[in-house]
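Protein chains: 2
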Amino acid sequence: MDIQQALRETPGLDGWLFYDFRGSDPLAYRVLLLDPTKHVTRRWYYWVPAQGAPVKLTHKIEPHALDELPGEAIHYLSWQSLGACLSRILSGVKRLAMQYSPLNAIPYLSRVDAGTIEQIRGYGVEVVTSADLVQRFEAVWDDRQLASHRDAADKLRRIVDEAFRHVAASVAARTGLTEYGLQQFILSRFADHGLITSSAPIAAVNAHSANPHYGPSATGSAVIAEGDLVLIDLWAKRPEPGSVYADITWTGHVGRTVPSKQSEVFGVVREARDAALEFVKARVAAGDFPCGWEVDETCRNVIRNAGYGEKFLHRTGHSIGEEVHGNGANIDNLETQDKRRLLPRTCFSIEPGIYLPGQFGIRSELDVYLADRDAIVYGQPVQTEIVPITVRG
Amino acid sequence: MDIQQALRETPGLDGWLFYDFRGSDPLAYRVLLLDPTKHVTRRWYYWVPAQGAPVKLTHKIEPHALDELPGEAIHYLSWQSLGACLSRILSGVKRLAMQYSPLNAIPYLSRVDAGTIEQIRGYGVEVVTSADLVQRFEAVWDDRQLASHRDAADKLRRIVDEAFRHVAASVAARTGLTEYGLQQFILSRFADHGLITSSAPIAAVNAHSANPHYGPSATGSAVIAEGDLVLIDLWAKRPEPGSVYADITWTGHVGRTVPSKQSEVFGVVREARDAALEFVKARVAAGDFPCGWEVDETCRNVIRNAGYGEKFLHRTGHSIGEEVHGNGANIDNLETQDKRRLLPRTCFSIEPGIYLPGQFGIRSELDVYLADRDAIVYGQPVQTEIVPITVRG
Numbered sequence: 001m002d003i004q005q006a007l008r009e010t011p012g013l014d015g016w017l018f019y020d021f022r023g024s025d026p027l028a029y030r031v032l033l034l035d036p037t038k039h040v041t042r043r044w045y046y047w048v049p050a051q052g053a054p055v056k057l058t059h060k061i062e063p064h065a066l067d068e069l070p071g072e073a074i075h076y077l078s079w080q081s082l083g084a085c086l087s088r089i090l091s092g093v094k095r096l097a098m099q100y101s102p103l104n105a106i107p108y109l110s111r112v113d114a115g116t117i118e119q120i121r122g123y124g125v126e127v128v129t130s131a132d133l134v135q136r137f138e139a140v141w142d143d144r145q146l147a148s149h150r151d152a153a154d155k156l157r158r159i160v161d162e163a164f165r166h167v168a169a170s171v172a173a174r175t176g177l178t179e180y181g182l183q184q185f186i187l188s189r190f191a192d193h194g195l196i197t198s199s200a201p202i203a204a205v206n207a208h209s210a211n212p213h214y215g216p217s218a219t220g221s222a223v224i225a226e227g228d229l230v231l232i233d234l235w236a237k238r239p240e241p242g243s244v245y246a247d248i249t250w251t252g253h254v255g256r257t258v259p260s261k262q263s264e265v266f267g268v269v270r271e272a273r274d275a276a277l278e279f280v281k282a283r284v285a286a287g288d289f290p291c292g293w294e295v296d297e298t299c300r301n302v303i304r305n306a307g308y309g310e311k312f313l314h315r316t317g318h319s320i321g322e323e324v325h326g327n328g329a330n331i332d333n334l335e336t337q338d339k340r341r342l343l344p345r346t347c348f349s350i351e352p353g354i355y356l357p358g359q360f361g362i363r364s365e366l367d368v369y370l371a372d373r374d375a376i377v378y379g380q381p382v383q384t385e386i387v388p389i390t391v392r393g
Numbered sequence: 001m002d003i004q005q006a007l008r009e010t011p012g013l014d015g016w017l018f019y020d021f022r023g024s025d026p027l028a029y030r031v032l033l034l035d036p037t038k039h040v041t042r043r044w045y046y047w048v049p050a051q052g053a054p055v056k057l058t059h060k061i062e063p064h065a066l067d068e069l070p071g072e073a074i075h076y077l078s079w080q081s082l083g084a085c086l087s088r089i090l091s092g093v094k095r096l097a098m099q100y101s102p103l104n105a106i107p108y109l110s111r112v113d114a115g116t117i118e119q120i121r122g123y124g125v126e127v128v129t130s131a132d133l134v135q136r137f138e139a140v141w142d143d144r145q146l147a148s149h150r151d152a153a154d155k156l157r158r159i160v161d162e163a164f165r166h167v168a169a170s171v172a173a174r175t176g177l178t179e180y181g182l183q184q185f186i187l188s189r190f191a192d193h194g195l196i197t198s199s200a201p202i203a204a205v206n207a208h209s210a211n212p213h214y215g216p217s218a219t220g221s222a223v224i225a226e227g228d229l230v231l232i233d234l235w236a237k238r239p240e241p242g243s244v245y246a247d248i249t250w251t252g253h254v255g256r257t258v259p260s261k262q263s264e265v266f267g268v269v270r271e272a273r274d275a276a277l278e279f280v281k282a283r284v285a286a287g288d289f290p291c292g293w294e295v296d297e298t299c300r301n302v303i304r305n306a307g308y309g310e311k312f313l314h315r316t317g318h319s320i321g322e323e324v325h326g327n328g329a330n331i332d333n334l335e336t337q338d339k340r341r342l343l344p345r346t347c348f349s350i351e352p353g354i355y356l357p358g359q360f361g362i363r364s365e366l367d368v369y370l371a372d373r374d375a376i377v378y379g380q381p382v383q384t385e386i387v388p389i390t391v392r393g
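Chain order of the listed sequences is E and W. Each residue of the first sequence is one higher than the last, beginning at 1 in the numbering used here. Each residue of the second sequence is one higher than the last, beginning at 1 in the numbering used here.
Since the hints were made in silico from the structure, they are not lab data. We treat Cβ as the ideally placed atom computed from N, Cα and C, and that holds for glycine. Hints are not guaranteed to be accurate.
[Claimed, not checked] Non-contacting residues of chain W with respect to chain E, defined by C-beta distances greater than 10 Å in every case (computed):
| no. | residue |
| --- | --- |
| 1 | Thr37 |
| 2 | Ser87 |
| 3 | Val112 |
| 4 | Pro212 |
| 5 | Gly267 |
| 6 | Asp274 |
| 7 | Ala285 |
| 8 | Asp288 |
| 9 | Arg304 |
| 10 | Pro381 |
[Said to hold, decoys possible] The list that follows gives simulated cross-link-like pairs (lysine to aspartate or glutamate, DMTMM-like), each with its CA atoms no further than 20 Å apart:
| no. | chain 1 | residue 1 | chain 2 | residue 2 |
| --- | --- | --- | --- | --- |
| 11 | E | Lys339 | E | Asp288 |
| 12 | W | Lys311 | E | Glu118 |
| 13 | W | Lys339 | E | Glu118 |
| 14 | E | Lys60 | W | Glu310 |
| 15 | E | Lys311 | W | Glu62 |
| 16 | E | Lys339 | W | Glu118 |
| 17 | W | Lys38 | W | Asp14 |
| 18 | W | Lys60 | E | Glu310 |
Put together the whole structure using the sequences plus the hints.
In structure tokens form, the structure reads like this:
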């Protein structure tokens with residue numbers, strides 16, 4: 001199986017131990033392709049050794065809980081027999097991977113409870129993080145996934161243009177288009193283009209755009225008017241199983257002349273974004289794939305040097321996969337120090353932002369796909385200036 | 001606040017630290033009365049000291065994540081500042097409780113990941129289990145909850161009689177009543193009595209009753225006939241918020257004369273059930289509340305001594321609360337060794353079972369409410385023999 005192949009390519013690792021209690025580890029369900037809605041009430045373990053047959057350990061009352069997986073099935077009844085089974089399975093094992101992250105450095109990965117890690121260590125086994133193994137199964141794309149990303153990225157790029165044209169036409173016609181209305185327009189364009197999304201896009205004007213988590217409500221969102229800054233952040237994917245997301249953010253100004261303060265801030269954001277992209281390109285071209293935190297640092301330094309370090313409130317970017325926030329390395333040295341290496345055939349966003357409370361926020365987001373020796377951005381052209389949204393009155 | 005009162009009554013404990021990442025600790029949401037559907041994307045911590053003001057630590061991008069809780073609000077941005085905030089909050093703290101269970105002895109409670117526990121220990125703090133604190137908030141009932149249980153227990157008891165009468169009438173009239181039909185009948189009686197349930201009751205005949213997890217499907221379940229053993233297990237509660245469950249299991253035999261093998265097995269189950277109940281009554285009367293595992297052991301020993309130890313596949317009982325499987329001590333020395341003490345004003349089931357594959361299973365379940373000096377069973381009378389379901393042809 002693929003997991004055993006991956007384990008054999010990881011020196012010094014005897015296997016990968018999966019553990020779940022009532023959905024406590026969503027990553028186990030994803031990597032093992034289990035149905036997350038399945039009702040399992042007792043603890044289960046799945047041992048995948050680098051060499052030899054996997055072992056499924058489930059409770060006697062639910063002997064079929066892991067029937068869809070290969071390997072020998074054994075069952076425990078009492079807590080004493082659970083311990084005896086684990087001890088037997090792990091006999092001779094020196095080092096294994098679990099969904100464990102030392103000091104909770106990567107909370108997305110740190111899923112196994114402290115008691116279980118202690119129990120496993122009690123059998124004389126060293127537990128290391130499965131972070132890079134998870135990435136390999138969750139974040140690496142096949143050709144169909146890459147094609148689905150390219151398609152989604154191209155369509156989102158077109159929808160950005162359509163959205164800004166819709167703003168121009170609505171302001172000209174004084175239809176009272178709100179942020180919420182613009183969000184709904186984008187959703188309707190997703191439907192027209194055959195795309196689906198996990199949650200609605202962001203449409204925010206002026207001070208609202210200074211809140212990176214702003215989402216317009218059905219009632220009470222701002223009417224978009226001449227002179228407004230408009231930020232849209234949209235993510236979507238094709239509906240076929242296995243399809244992966246694209247996720248981009250653009251900003252526009254309703255009117256011919258973008259205010260100089262906004263242009264200046266956009267310039268800093270663009271420079272940070274492009275510095276991160278160039279950094280990745282150069283490293284990847286040299287065959288030296290960087291870690292997520294290094295790319296964040298490169299990007300963040302540009303914003304710090306421009307004096308806006310305190311206004312960049314989030315990580316530089318996130319892994320992209322079947323979920324918009326994927327399970328590979330994030331571009332993060334802020335919220336976490338992501339020491340995972342970026343891998344070939346994975347994708348992540350670069351989306352620096354500067355948020356000036358009470359005034360406006362600027363974020364520019366593109367997606368970077370890593371080929372074997374190149375870093376590629378689909379959904380061209382990328383944004384180089386705040387888009388003037390010209391209203392013909 | 002109540003939590004601080006509970007902490008001050010727990011000697012040697014400086015406070016209780018709650019931690020959550022995207023719903024990783026459902027107990028935190030329950031104890032703190034937070035909305036579990038609330039969308040929080042970053043790690044949050046809530047520190048409740050035995051003395052002094054609580055502290056809410058949330059990410060700067062979600063400063064309002066814990067607004068509904070009392071205490072000082074502080075915010076982190078970087079992972080370094082998260083560490084600095086935690087270190088400051090915990091300065092001087094020697095011993096705190098978290099949702100931690102050594103060696104994962106109680107998986108329901110063992111919710112905090114290993115990395116986080118290591119991080120907290122890194123500040124020189126001893127982490128102990130919050131098991132008994134959680135019980136106190138999750139399992140202890142107020143008078144209204146007790147009243148809701150009494151009402152539900154009385155109604156379930158009546159529905160058992162109605163269900164067996166329905167079986168008798170259906171077999172007499174040859175309507176082809178199936179296990180599924182009986183389950184649906186019980187559900188309709190819940191509705192008539194104004195009760196709600198988390199999932200459908202069990203109705204199982206003969207060999208099906210030997211599988212403790214059997215649930216009849218809409219198609220293909222067995223038709224109930226003369227000579228069948230019928231097991232029903234039903235749990236429900238009143239619809240008002242805060243209401244708690246009742247949960248009982250009865251067995252009947254379609255016909256006048258119960259087969260002697262079934263009577264014999266029922267006798268063992270009854271004896272085990274009553275031994276557990278008497279054990280609890282005696283201990284509680286003496287003011288010495290036992291631990292969950294001790295009650296299980298008392299019950300299980302009766303079944304072991306009768307030679308059926310291997311056929312009793314599950315714990316003796318479970319905590320009962322707003323969820324049918326509640327968050328107090330379980331009556332368990334099988335699946336886990338539940339060393340939590342049973343508390344006054346809590347309730348649990350006693351439900352030993354003997355399962356003979358291919359033949360039949362017998363389970364008898366009642367609910368025990370612990371008053372200050374008494375153990376009370378509502379929903380009387382309890383079952384003393386397999387009920388003969390007499391068909392008048």
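Each hint, compared with the structure:
Distance check on Thr37 of chain W: its Cβ is at least 14 Å (rounded) from any Cβ of chain E, clearing the 10 Å threshold; non-interface status holds. With a least beta-carbon separation of about 13 Å from chain E, Ser87 of chain W lies farther than 10 Å from that chain, consistent with its non-interface assignment. Once the 10 Å rule is applied to beta carbons, Val112 of chain W is inconsistent with being away from chain E; the minimum gap is 6 Å. The Cβ of Pro212 of chain W sits about 6 Å from the closest Cβ of chain E, inside the 10 Å cut-off, so the non-interface label is violated.
The beta carbon of Gly267 of chain W sits about 24 Å from the closest Cβ of chain E, which is more than 10 Å, so the claim that it is off the interface holds. A cut-off of 10 Å between C-beta atoms confirms that Asp274 of chain W is not in contact with chain E; the least separation is 24 Å. Here Ala285 of chain W stays apart from chain E, with its beta-carbon at least about 30 Å from theirs, past the 10 Å limit. No Cβ of chain E comes within 10 Å of the Cβ of Asp288 of chain W; the nearest lies about 25 Å off, and the non-interface call holds.
No beta-carbon of chain E is positioned within 10 Å of the beta-carbon of Arg304 of chain W; the least distance is around 12 Å. Under the 10 Å C-beta cut-off, the non-interface status given to Pro381 of chain W relative to chain E holds; the minimum distance is some 30 Å. About 14 Å separates the Cα atoms of Lys339 of chain E and Asp288 of chain E, which keeps this hinted pair within 20 Å; it holds. A C-alpha spacing of about 31 Å is found between Lys311 of chain W and Glu118 of chain E, which places the hinted pair above 20 Å, so the restraint is violated.
About 18 Å separates the Cα atoms of Lys339 of chain W and Glu118 of chain E, which keeps this hinted pair within 20 Å; it holds. For the hint pairing Lys60 of chain E with Glu310 of chain W, the CA-to-CA distance comes to about 11 Å; that is within 20 Å, so the pair holds. For the suggested pair Lys311 of chain E and Glu62 of chain W, the alpha carbons sit about 15 Å apart, so the restraint of at most 20 Å is met. Between Lys339 of chain E and Glu118 of chain W the CA atoms are separated by roughly 18 Å; this keeps the pair inside 20 Å, and the hint holds.
A hinted pair counts as satisfied when its Cα atoms are at most 20 Å apart, and Lys38 of chain W with Asp14 of chain W does not qualify at roughly 29 Å. Restraint check: the Cα-Cα separation between Lys60 of chain W and Glu310 of chain E comes to about 11 Å, which is no more than 20 Å; the hinted pair holds.
Consistency note: the structure conflicts with the earlier hints numbered 3, 4, 12 and 17.
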